[in-house]
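For the record, the sequence lines run as chains A and B.
1 is the number of the first residue of the first sequence in the working numbering; add one for each residue after it.
248 is the number of the first residue of the second sequence in the working numbering; add one for each residue after it.
For the record, the hints were derived by calculation from the structure and aren't laboratory data.
Note that the structure is predicted; figures quoted are calculated from it, not measured.
Since no wrong hints were added, every one of them can be taken at face value.
List of simulated lysine-lysine pairs, DSS-like, C-alpha gap at most 30 Å:
| # | chain 1 | residue 1 | chain 2 | residue 2 |
| --- | --- | --- | --- | --- |
| 1 | A | K166 | A | K155 |
| 2 | B | K682 | A | K85 |
| 3 | A | K85 | B | K667 |
| 4 | A | K194 | A | K163 |
| 5 | B | K641 | B | K280 |
| 6 | A | K85 | A | K194 |
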Amino acid sequence: MNRSPLLFLGIFGALAFSFTGMVLVNQVGYGALTPFKDDTEGKAYPLQVPGLAARGKLVYQDLGCATCHTQQVRRDGYGTDVARKWGDQPGGSVARDYIREGRVLLGSVRIGPDLRNVGVRLTDATALLLHLYDPALVVPGSTMPPSRFLFEQRKIIGEASPKALKLPAGVAPGYEIVPTARAENLVAYLLSLKDTYTSYPESNYIYAPPAPEKGAEAKPAAAKDTVKPAAAPSPATPAAPAKEAAK
Amino acid sequence: MASAPSSAAKPSPAASSAPADRAESAAIDASVKAPVLLLLGAAILWLLAGSALALIASIKLHTPGFLADCELLTYGRVQPAANNALAYGWGLNAGLAVGLWLLARLARATLRHGGLILVAIVFLNLGVILGVGGILVGDSTALDLLEMPRYATPLIFAAYAIIGAWAVITLRTGRSPHTFISQWYVLAALFWFPWLYSVAQVLLVFSPVRGTVQSLVDVWFAHNLLALWFTPLGLAGIYYFLPKVLGRPLALYHLAPLGFWSLAIFSGWVGAAGLLASPVPAWVQSAGVAASLMTLVPVLIIALNHHLTLVGRFSILKTSLVLRFIVFGAICFTLTSLQNAASALGAWAEITQFTYYGLAHAQGVQYAFFSMVMFGAIYFLLPRLLLTDWSFGKLMAVHFWASALGIALYLFALTVGGFKQGQELNVLPVGADGKPGLPVPFLDIVSHTLPWLQAGTCALILLTVGHVAFAINFVSTLLQSICPTARAAAAAGPVLLRTPPAMEVAAR
Numbered sequence: 001m002n003r004s005p006l007l008f009l010g011i012f013g014a015l016a017f018s019f020t021g022m023v024l025v026n027q028v029g030y031g032a033l034t035p036f037k038d039d040t041e042g043k044a045y046p047l048q049v050p051g052l053a054a055r056g057k058l059v060y061q062d063l064g065c066a067t068c069h070t071q072q073v074r075r076d077g078y079g080t081d082v083a084r085k086w087g088d089q090p091g092g093s094v095a096r097d098y099i100r101e102g103r104v105l106l107g108s109v110r111i112g113p114d115l116r117n118v119g120v121r122l123t124d125a126t127a128l129l130l131h132l133y134d135p136a137l138v139v140p141g142s143t144m145p146p147s148r149f150l151f152e153q154r155k156i157i158g159e160a161s162p163k164a165l166k167l168p169a170g171v172a173p174g175y176e177i178v179p180t181a182r183a184e185n186l187v188a189y190l191l192s193l194k195d196t197y198t199s200y201p202e203s204n205y206i207y208a209p210p211a212p213e214k215g216a217e218a219k220p221a222a223a224k225d226t227v228k229p230a231a232a233p234s235p236a237t238p239a240a241p242a243k244e245a246a247k
Numbered sequence: 248m249a250s251a252p253s254s255a256a257k258p259s260p261a262a263s264s265a266p267a268d269r270a271e272s273a274a275i276d277a278s279v280k281a282p283v284l285l286l287l288g289a290a291i292l293w294l295l296a297g298s299a300l301a302l303i304a305s306i307k308l309h310t311p312g313f314l315a316d317c318e319l320l321t322y323g324r325v326q327p328a329a330n331n332a333l334a335y336g337w338g339l340n341a342g343l344a345v346g347l348w349l350l351a352r353l354a355r356a357t358l359r360h361g362g363l364i365l366v367a368i369v370f371l372n373l374g375v376i377l378g379v380g381g382i383l384v385g386d387s388t389a390l391d392l393l394e395m396p397r398y399a400t401p402l403i404f405a406a407y408a409i410i411g412a413w414a415v416i417t418l419r420t421g422r423s424p425h426t427f428i429s430q431w432y433v434l435a436a437l438f439w440f441p442w443l444y445s446v447a448q449v450l451l452v453f454s455p456v457r458g459t460v461q462s463l464v465d466v467w468f469a470h471n472l473l474a475l476w477f478t479p480l481g482l483a484g485i486y487y488f489l490p491k492v493l494g495r496p497l498a499l500y501h502l503a504p505l506g507f508w509s510l511a512i513f514s515g516w517v518g519a520a521g522l523l524a525s526p527v528p529a530w531v532q533s534a535g536v537a538a539s540l541m542t543l544v545p546v547l548i549i550a551l552n553h554h555l556t557l558v559g560r561f562s563i564l565k566t567s568l569v570l571r572f573i574v575f576g577a578i579c580f581t582l583t584s585l586q587n588a589a590s591a592l593g594a595w596a597e598i599t600q601f602t603y604y605g606l607a608h609a610q611g612v613q614y615a616f617f618s619m620v621m622f623g624a625i626y627f628l629l630p631r632l633l634l635t636d637w638s639f640g641k642l643m644a645v646h647f648w649a650s651a652l653g654i655a656l657y658l659f660a661l662t663v664g665g666f667k668q669g670q671e672l673n674v675l676p677v678g679a680d681g682k683p684g685l686p687v688p689f690l691d692i693v694s695h696t697l698p699w700l701q702a703g704t705c706a707l708i709l710l711t712v713g714h715v716a717f718a719i720n721f722v723s724t725l726l727q728s729i730c731p732t733a734r735a736a737a738a739a740g741p742v743l744l745r746t747p748p749a750m751e752v753a754a755r
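Between the sequences and the hints, there should be enough to build the whole structure, so can you do that?
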């Protein structure tokens, strides 16, 4: 093995190539993307996630919800995400949507629906709790696994809890089923999942009518491409430009 | 290509046959015996544990009520636990066992200071136990193939680094004058894994990068675990055993280095093709697609090397079980690689994104190719290490057929089922007026996939049967080599393999 130094150099170089290209270049390119300050609203988007929801996200990770659910909306015309109303940004999710997240859970399998904007579609916490307790009760035919372990069955002492689940089949008399703190945090997290802000500078120039070629008109993510607010029409209400583009 | 394997001596494992060589081989085998046996024992335990977990996960997909109230075994935990047990428990241990044995043989070096490596192997497995246990109790990081919690991974990394470095150092001093292509693949895999793993751990868990750069790091890691760890080790096995068992040199061997380097360079980028239309820069997605197509170069070279060597010798498949496993793996390497390149393309990629199709591909690489080659390699090397035959020839055949039919059924069900799922999930049906209509309701998709998932469960049951047969045979062979009376009893029974020296001759 007298040529081993050369061999090692080559082996090293081969992986260094993809590491540099896929990881380093992108980290330099858009790893420092900052929230977008919307002057008309005086807020920086994406918004900070509330504390309860942040704790709920840990439950989401711990139970492996991401093995079945993605959190990314692909642009209109690619796949059926927008047609299924999983998101209303015609350009799909953009890199900036994720910058406040400690762990980004894009996901790669959709055994269940995309949850990036589930907080827009489903707003009823009670129904969500029931869905977690037994999905088939809320959505007959669902194959989502029940998470009954997030609830406890306990004896009613004194007054019944207002949080107790109302099961169609009823509960053993004298008992009630109440969500644990984990269940409530998880629901708070689900309710917080919504990318409603669609007036990022990049949201305005990227959208082109659906074209069949892949990848070509996805988001420009490098920070330097996106800090040109002058080119972007001043965003009046967050939803308006998106609606227009969708027509 | 400056360091192409020398062809001064015929660089083929088929060429070693003189009695002196055989004595040397025996000495080399004796020096690696303890670590390789320990690795194999651990690998087989993980294979059983992983199959059981995978079976539970698979049943849950179509029957969500199954074991539903056990939080430890909820789908979102048991599925990644199975994946990790199979990738790190079975994959790392089996890959290291076969890799070390190959390195020692090919470099004609004896392994020294084996005690250190035994300790490292124990710690490696403690790390995997902690990691898989951590996933089951809910400490998962929720990152694809990196789910193991942060208290387990440094242990795995350190133990692996010791094993790898130690192997490379002591095996560098071998007497072999030339470098055979299998050695390149093993060395490269030994080196790539710690790099991939440490970068992924640091950039995702210990000091996470921000935003969707995380997703890029994760696909870079997850794809390369398949492409730059499982694949090179599987290929090392095929390149070694094919000429060895067939007794003829590799066809077009001079192209093999080109295959190696092009595989090394292009496959690193392929992961990005899995992020098509995701919120990451468009150019990386395109680079991923381009790289997927470029991998056709190494795949074709490697396929030619393997399949042309085999041409005209198919009859040996009837008698050699080792060869059957190896050839099955070689065919699956070619098929899954071609499938991977095809599915990076436009409409195909759009239809199959986010479906069971992708899961099938990962199993194609990890099981149909890598694991089958490892099985073949283990069937070949264990009798040489223990100097005794496998106890049960019949169980070997059971293992082969259960694994081959099981994985074929699994891949068929999830590839076809996944494709159909994708046609409903990712494509708008054309309405009566010729315009795109409304998407297929989600629950319809769910119910249409059920039969395919049930077929997947049947396939996993078959695989598990094969693994149990394998484990029984392994334990019994081990006992037989330890206890001489059992050995005598077994010698009278039906055997598939001859004693090592005779086997060596027969293999030529």
